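K.L.:
Listed here are the chains, written in short residue letters.
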Amino acid sequence: MKEQKDTPYCHLFGTDSAKYVYDLGSNELLAVAPELAAVLERWGRVPEWEIIHNLKDDFLLSKIKGACATIRSARVEEGLFLALQPLLATPNPRLSEPGVCDSRLGHLILSVTEQCNLRCGYCLHGAGLGWVRGHGSRTMNFGAARKAVEYFLARSDPDRAPVISFYGGEPLLEIALIEKVTAFARKHARGQEICFALDTNGVLLDDKALDLVVREKMFLQVSLDGPRDIHDRCRRTGGGSPTFDQVMANLDRLLDRDPTSASRLSFIATLAPPVDLKSVAEFFAEFPPFAGHGIDIQPNVRVNFANLRGQDWPVTGDEWPSVTSQLEDAEQVYLDGIANLCRDQLSPVIRALFEPDLIRFHHRHRGPMADRFTPGGNCRPGRRKLHVTVDGRLQPCERTGNSLELGDLETGILPSAVRGLQEGFHEAVKDRCGSCFALRMCGVCYAAQAEFSNTDTGDFPVPEEVCESIRRRLDRTLRMMVRILEMEPQARAFLDDTVLV
Amino acid sequence: MFKRLEEKKDPLKMVDSTGAAECSCPCKSPVDKSKEENPAANQAAVNLAVYYEINGKIPD
Chain E
1186 MKEQKDTPYC HLFGTDSAKY VYDLGSNELL AVAPELAAVL ERWGRVPEWE
1236 IIHNLKDDFL LSKIKGACAT IRSARVEEGL FLALQPLLAT PNPRLSEPGV
1286 CDSRLGHLIL SVTEQCNLRC GYCLHGAGLG WVRGHGSRTM NFGAARKAVE
1336 YFLARSDPDR APVISFYGGE PLLEIALIEK VTAFARKHAR GQEICFALDT
1386 NGVLLDDKAL DLVVREKMFL QVSLDGPRDI HDRCRRTGGG SPTFDQVMAN
1436 LDRLLDRDPT SASRLSFIAT LAPPVDLKSV AEFFAEFPPF AGHGIDIQPN
1486 VRVNFANLRG QDWPVTGDEW PSVTSQLEDA EQVYLDGIAN LCRDQLSPVI
1536 RALFEPDLIR FHHRHRGPMA DRFTPGGNCR PGRRKLHVTV DGRLQPCERT
1586 GNSLELGDLE TGILPSAVRG LQEGFHEAVK DRCGSCFALR MCGVCYAAQA
1636 EFSNTDTGDF PVPEEVCESI RRRLDRTLRM MVRILEMEPQ ARAFLDDTVL
1686 V
Chain L
935 MFKRLEEKKD PLKMVDSTGA AECSCPCKSP VDKSKEENPA ANQAAVNLAV
985 YYEINGKIPD
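Top to bottom, those sequences are chains E and L.
In terms of the numbering used here, the first sequence is residues 1186 to 1686.
In terms of the numbering used here, the second sequence is residues 935 to 994.
Keep in mind the hints are simulated off the structure, nothing from the lab.
Small disclaimer: the values here were computed from a predicted structure and weren't measured.
Cβ-Cβ distance ranges computed for the label pairs, FRET-style:
no.: 1; chain 1: L; residue 1: Lys-942; chain 2: E; residue 2: Asp-1344; range: 22 to 30 Å
no.: 2; chain 1: E; residue 1: Gly-1477; chain 2: L; residue 2: Lys-937; range: 45 to 53 Å
no.: 3; chain 1: E; residue 1: Asp-1201; chain 2: L; residue 2: Lys-942; range: 21 to 29 Å
no.: 4; chain 1: E; residue 1: Arg-1279; chain 2: L; residue 2: Lys-943; range: 25 to 33 Å
no.: 5; chain 1: L; residue 1: Lys-942; chain 2: E; residue 2: Asn-1525; range: 24 to 32 Å
no.: 6; chain 1: L; residue 1: Lys-943; chain 2: E; residue 2: Thr-1200; range: 19 to 27 Å
no.: 7; chain 1: E; residue 1: Leu-1272; chain 2: L; residue 2: Lys-942; range: 21 to 29 Å
no.: 8; chain 1: L; residue 1: Lys-942; chain 2: E; residue 2: Ser-1507; range: 35 to 43 Å
no.: 9; chain 1: E; residue 1: Thr-1445; chain 2: L; residue 2: Lys-937; range: 45 to 53 Å
no.: 10; chain 1: E; residue 1: Lys-1393; chain 2: L; residue 2: Lys-943; range: 45 to 53 Å
Derived lysine to any residue pairs resembling SDA-like cross-links, with alpha carbons at most 20 Å apart:
no.: 11; chain 1: L; residue 1: Lys-942; chain 2: E; residue 2: Ile-1669
no.: 12; chain 1: L; residue 1: Lys-937; chain 2: E; residue 2: Thr-1200
no.: 13; chain 1: E; residue 1: Lys-1248; chain 2: L; residue 2: Lys-937
no.: 14; chain 1: E; residue 1: Lys-1250; chain 2: E; residue 2: Ile-1237
no.: 15; chain 1: E; residue 1: Lys-1241; chain 2: E; residue 2: Gly-1229
no.: 16; chain 1: E; residue 1: Lys-1615; chain 2: E; residue 2: Glu-1650
no.: 17; chain 1: L; residue 1: Lys-937; chain 2: E; residue 2: Gly-1552
no.: 18; chain 1: E; residue 1: Lys-1250; chain 2: L; residue 2: Lys-937
no.: 19; chain 1: E; residue 1: Lys-1393; chain 2: E; residue 2: Pro-1444
no.: 20; chain 1: L; residue 1: Lys-942; chain 2: E; residue 2: Ala-1259
no.: 21; chain 1: L; residue 1: Lys-943; chain 2: E; residue 2: Asp-1681
no.: 22; chain 1: E; residue 1: Lys-1241; chain 2: E; residue 2: Ala-1254
no.: 23; chain 1: E; residue 1: Lys-1332; chain 2: E; residue 2: Ile-1360
no.: 24; chain 1: L; residue 1: Lys-942; chain 2: E; residue 2: Leu-1214
no.: 25; chain 1: L; residue 1: Lys-937; chain 2: E; residue 2: Met-1665
Even glycine gets a Cβ: it sits at the ideal position worked out from N, Cα and C.
Just chain L, with the same shape it has in the complex (with noise of 0.2 Å):
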């Protein structure tokens, strides 16, 4: 009656995630692997950028 859509990663429970164990800062951002040149410093150049994606500034 239920189909599981992905593979289940991390099967343990977190005594607390109050760390930074499950925190989704919007300041982390994605990069394909074949461009991880330098993952720091592409950070660094879309960092600047991610202001209105914090907020969800997509509009209705």
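Next up, chain E with everything else stripped away, as it sits in the complex (with noise of 0.2 Å):
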């Protein structure tokens, strides 16, 4: 690990009423006391002499030479506001050899057709976008989705249940594969361990489908944008006509057939402008479906907001509310709830926008930074996920476009392959992690090269527009973090009673 002149690997931030560090090489988040803060973001930057002229003004001289001599005492005794800049290295050459870049797999997606009964205003596989699939006719037959089954199997983790995923397009013009499928594998010797999941628009969930997701007790991912309104905005069938009711239908019907599947069942909504946050906050709040039911979990929902990037999308005009002024407010609603210990009783959007990563953040490794570090998320390309097109070919994941490629059926996951996107990725952001305050925090992979990427040249770009968005992100999980720590201990209980998967 090499020494950054002096300047401490810190990102300062403050709210309306104190200062705060988050500290990289020690990874944790301090409050420091105004002085402190107005030193370290000057100090190895400028000479000392210079940091007390120029805060002569704002702080009693005493205050500025007793931050100073903190900093100094806590680098030796604390480890704390150190300069450091780790040596930036692809993942461990380990982890790309045979027999361990394609051992202890959790998660087979079969894509088993590129085709969809929707055509969604937002949706990127009907955008014409050159990165990534499209809607096309191809659907995968069932010697390619065994030979994928089989070798996912034998190479799955045996010590977490297998999962397989259908995909697409919409997987439910599959059905008939799907059950094949499901078949297939439940004959394997983990078969009766696996755990299938479909992402699914739920417009056709018919009889034959619901008797499939209630046998195999399923794990669905529907598609539901909010109330009527707003889902039909975008969420149309090729001929134009709106889905929301046939949905709503569906899910009624499945949780006719099984109220337990609501435990199985989760949302995915795609906010798109002009974007009405708080409708779609009450929709999911009192979820018509459960609630017919008199089932009193929340639904599980996940926010998306629409990749428009390439797309013609028409403006929004001025008398909307900008989506930065809505997050703002569902912010401080989130943290209104958390601060009157009310948790449970904000909308699952709510929650479903700032949660994922505060509690990410909470369970960072809180310790010191390693000497070498493999900057972004993407150790071992295959292991979590495994995406088989509908061709038979290998990919990271569902959302890596088109080109970013592990091997195929044929030859499974190739060593040789595995290296590769490990190395283009370092390639591409080896220059700007080691001064980043994102960098222990960073979950940028290989679906942002896939997303930039310029098959023509054969690059494969992470651009600065992705990592600026990374750290506006974490800046804003920072600051609410810190207000979440600074309430009562009860108040934050709830961050321990969380994991990651």
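Since each chain comes alone in its own frame, lean on the hints to assemble the complex.
P.N.:
See the structure below:
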């Protein structure tokens, strides 16, 4: 690990009432006195006498000198405020060796079809973008699916239940194939442990599909954007018909058959301009399908903002509150709910907007930074998720576009491809991660490279705008986190009641 | 002049984080322990949705 000048590797930030430091070397969050924050901001950038000179109008001289002494002593005694520059490295080469790179796999994703019965306004697959798989007519054949399942189960993590999920297009267009695959997989030695999941728009959940979902206790992720007017604005059939009523009717029929399926349901709400966060939050807080069946759990909701890059999307008028101001309001609602011990009464949408980042931060490694550090969230592509395209190509996940591959069903996961992806990612980010305050919390991965790839030139960049976005997001999480940590212990106890899986 | 806001959980320095030790894989999903009927399956359900989270797509 190299020293970088003498500048502390820290992120300084403040709320209305206090100053804080996120210290990269120790990965700790600290509340700091204003004079210490002011000195830290300048330490290593200008000589100490100049710091004192610059701050003498704002603080007593004794306070400024005290802050300087605190930095020196905390470095030696506490390992805080260090000026570090870890050696950025690709993942350990052992992780890409044969027998390692294709072992302990967690989650197989089968894209069973490129076809979809809907043409949603914001769908990447229907937008004619070069980097992403478009809608097409191809489907996966059973031979390929069987081969993928055999390959995956033979290499699945023995300590966890293997997960097989079906993706598309709309996977329920291939219900017969899904039935065959589930039946085949159940016969495997690990068959009874398998968790099946299905990512669906919910329109084709007919009796046959419901039979399968209930029988296999499938985990369903249903795309549902909110109340009727919001959902139907974008989520329409190819012929332009709305889909909300059909989806809700199908959910009712599923819950009629098996009320326990509520705990295996999750919803993905995609927000597209003009965003009406309040209406979406209220809809999922009241969630009619659960309320109608006397189910008193909150729906599991994930919130996405539509990725409209490269798409022709009408500009939202000024009369509508900006997303930023809506998020600020939602943030305050969330923090008030936590402070008042009313977390359970918050809309699942409000929680989904902020909690995943807060929980991830809470469970971070809280200790000194290693001398060698791998940037990003990509230690071993294919292990947590392995995506199989309709034509049998293997990818790190279902969101890595058309061009990032790990091999195919003939070759399996190729060690050289794994290493190639790791090195390519490292090459794209190595020059700027070493001074970034998001280094230890950064989840940028191959999906970003895929989105900005140029297959003509073979470039797979991670643009600065992606990094900026990650930093903004971490800064917000830090500001929220310190406010929560300053609350009564009872208010933040929920963080310890969570795990990362 | 400063105060730690959290308990220090991992006092030992890792020699090398180039493995999975500190990987911040965006596919890791937070789950309430009380709802942790089956973590792997919960993961399956939510993994399908993390793409925009991965890239921090919350707009300005």
